[in-house]
Structure formats: structure tokens, C-alpha cells
Amino acid sequence: MGSQEGWAQPNGFCPNGLLPNEAASVTRVLDQERWSIAEERIAELIGCIKPNQPSEERRNAVACYVQQLIARCFSCQVFTFGSVPLKTYLPDGDIDLTAFCKNQNLKDSWANEVRTILESEEKSEDAEFRVKEVQYIQAEVKIIKCLVENIVVDISFNQLGGLCTLCFLEEIDVILKVDRLINQNHLFKRSIILIKAWCYYESRILGAHHGLISTYALETLVLYIFHVFNSSFSGPLEVLYRFLEFFSKFDWENFCISLCGPVPICSLPETTGSAVPLLLGPND
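Using the UniProt record's numbering, the first residue of the sequence shown is number 1, and each one after it goes up by one.
Don't read these hints as lab results, they were simulated from the structure. Misleading hints may appear alongside valid ones.
[To be verified] Derived DEER-like restraints, expressed as beta-carbon distance ranges:
1. Glu40 / Gln104: 52 to 58 Å
2. Lys132 / Glu202: 26 to 32 Å
3. Gln77 / Asp108: 17 to 23 Å
[Claimed, not checked] Below are the DSS-like pairs computed for lysine-lysine, each with C-alpha atoms no more than 25 Å apart in a straight line:
4. Lys145 / Lys123
5. Lys102 / Lys132
6. Lys50 / Lys87
7. Lys145 / Lys87
8. Lys50 / Lys145
9. Lys142 / Lys132
10. Lys123 / Lys87
11. Lys50 / Lys102
12. Lys50 / Lys107
13. Lys145 / Lys132
14. Lys142 / Lys123
Heads up, the beta-carbon is just placed ideally off N, CA and C, and yes, glycines get one too.
With the hints as extra help, turn the sequences into a complete structure.
So, in C-alpha cells, the structure goes:
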């Protein structure tokens with residue numbers, strides 16, 4: 001089925017953390033002709049679900065509207081983070097906002113103030129956008145969740161980690177674009193969109209609020225897949241294929257994934273901190 005030239009295994013690199021005798025199957029050479037045809041079909045699919053100008057304008061308008069509402073409650077700055085500014089959101093993806101304020105006394109009262117003004121907008125007939133289903137979720141990270149024009153909006157307070165993640169991934173994307181391996185029209189972002197779509201719509205394993213894989217954890221694993229197969233991708237479909245094969249053959253009982261590679265779980269400190277993001281197993 002055609003030549004396999006250019007599909008070499010990744011420079012002798014063999015990822016540890018895999019189940020016994022699984023490394024060879026994960027790094028095997030694939031057929032170029034067959035995958036080229038499949039990648040063309042996948043490009044059409046990604047073209048249908050990736051962010052476009054109307055969806056970006058709609059989400060930006062909703063984000064600005066909510067930012068203005070929050071600013072009425074108290075003096076603060078409100079930023080978007082996550083998949084919207086990174087432009088890797090799905091059609092059903094939410095908008096993540098976090099409000100920053102120097103007044104730490106607001107830590108306990110901000111949620112009630114924001115919920116009150118959102119509920120006021122929900123009842124108003126003159127509101128600029130339709131607001132529905134306002135909820136206060138008192139998890140480890142407290143969140144106000146609502147629907148604005150049928151888009152889920154999550155609002156948090158002083159969550160610096162989300163902005164750090166955004167800056168980090170944008171910087172990584174720049175690095176990947178200039179690398180000769182990833183010079184295929186935002187291959188990293190297109191791969192994330194495809195993999196997120198499979199995890200969300202097909203396998204139902206994406207969603208940190210439901211105890212499933214977080215988007216950041218997924219992106220961490222995708223980055224590691226790029227690191228392992230640093231010269232052999234034909235397109236997002238192969239990235240998905242490598243992702244699924246690696247995910248199914250990784251020893252999640254004894255290892256986790258960090259940006260530095262597989263890490264034995266037994267070697268982790270009690271708290272890992274935020275410097276090295278980790279992807280634990282599906283049940284962790």
C-alpha cells in the first residue's frame with residue numbers, strides 16, 4: 001500500500017511507562033498512502049467543528065457582556081482563559097472567565113454578588129443577552145456557572161493557573177509552528193480539536209467537572225505525544241491514532257504523564273504543585 005518513506009520511528013526514542021511488550025506496537029510504522037486519504041476526510045471534519053469567525057464573534061460578545069456585569073459588582077479585571085482564547089473550543093465548548101481583584105476580602109462574597117447580578121439579568125426583559133440556569137458550584141475551585149445565549153459560561157475568582165496554562169500553551173504552539181515537523185497549518189491546535197471532539201462526543205471521557213479528564217490534562221498528553229513522535233505526523237488523524245494507542249497501552253496503575261515524560265506514581269510528593277502539570281489515570 002504505497003511507500004513508507006518519511007514514516008520512520010521516532011529517532012530510537014522509546015517511551016517508558018507503557019505496559020510490558022507494548023512499546024513496539026505504539027511506535028510502529030504506518031502506511032503513508034492510506035493515511036493520506038484518511039487525513040483528507042478528517043480535514044473536512046475539522047473544518048466543520050473548528051472555531052470560525054461567526055462563532056468567535058458570538059463568544060467574544062458573550063464574554064464581554066459577562067465581563068461588564070462582573071465589573072458592576074466590584075472593582076476587578078476579568079480575563080478569558082482556556083479553549084476560547086486558544087481557539088481550540090468545540091461547538092459545545094464553554095467560556096472560562098476569571099475575575100482578579102486585589103481585595104482578598106471578596107474571596108468569600110464575590111460569588112453571591114455575581115450570582116445576584118446574573119439572576120437579575122435572567123429576570124430582566126431588557127437584558128442584552130438571554131441568561132439562564134445560574135448556579136453556584138462550591139467545589140474546590142468555586143464557580144458560578146450559567147447559560148448565556150445557550151453558551152455555558154464558567155466564572156471563577158483569582159484563578160491564576162488558568163491564565164498561566166493559556167500563556168504556556170500559546171508559547172508551545174509558537175515553538176511547534178517554527179519547528180519543521182509541525183509546520184502544517186496549526187497542526188497542534190487542529191489535533192487538539194480532533195482529540196477533544198473524540199473524547200467528548202464519542203468516548204464521553206472529557207469533563208473535569210464530572211470527574212473525567214480535564215482539557216489541560218488532555219493537552220498535556222497531546223504535547224507528550226508530539227514529543228515522542230517528533231518527526232512522523234501526517235496530520236491530526238494520526239495524532240489521534242497515536243493518542244488512543246498510547247492511552248490504551250500506558251501503565252496508568254504505576255505511572256502518570258507530565259510534560260517531562262512518564263513519572264512513577266510512587267515517586268510523586270504528596271502535593272505536586274503547579275510547576276509540572278500531571279496527567280493521572282482515568283480513575284484518579
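Tested hints:
no.	hint	result
1	Glu40 / Gln104: 52 to 58 Å	holds, 54 Å
2	Lys132 / Glu202: 26 to 32 Å	holds, 28 Å
3	Gln77 / Asp108: 17 to 23 Å	holds, 20 Å
4	Lys145 / Lys123	holds, 16 Å
5	Lys102 / Lys132	violated, 30 Å
6	Lys50 / Lys87	holds, 8 Å
7	Lys145 / Lys87	holds, 21 Å
8	Lys50 / Lys145	holds, 24 Å
9	Lys142 / Lys132	holds, 19 Å
10	Lys123 / Lys87	violated, 32 Å
11	Lys50 / Lys102	violated, 36 Å
12	Lys50 / Lys107	violated, 36 Å
13	Lys145 / Lys132	holds, 10 Å
14	Lys142 / Lys123	holds, 24 Å
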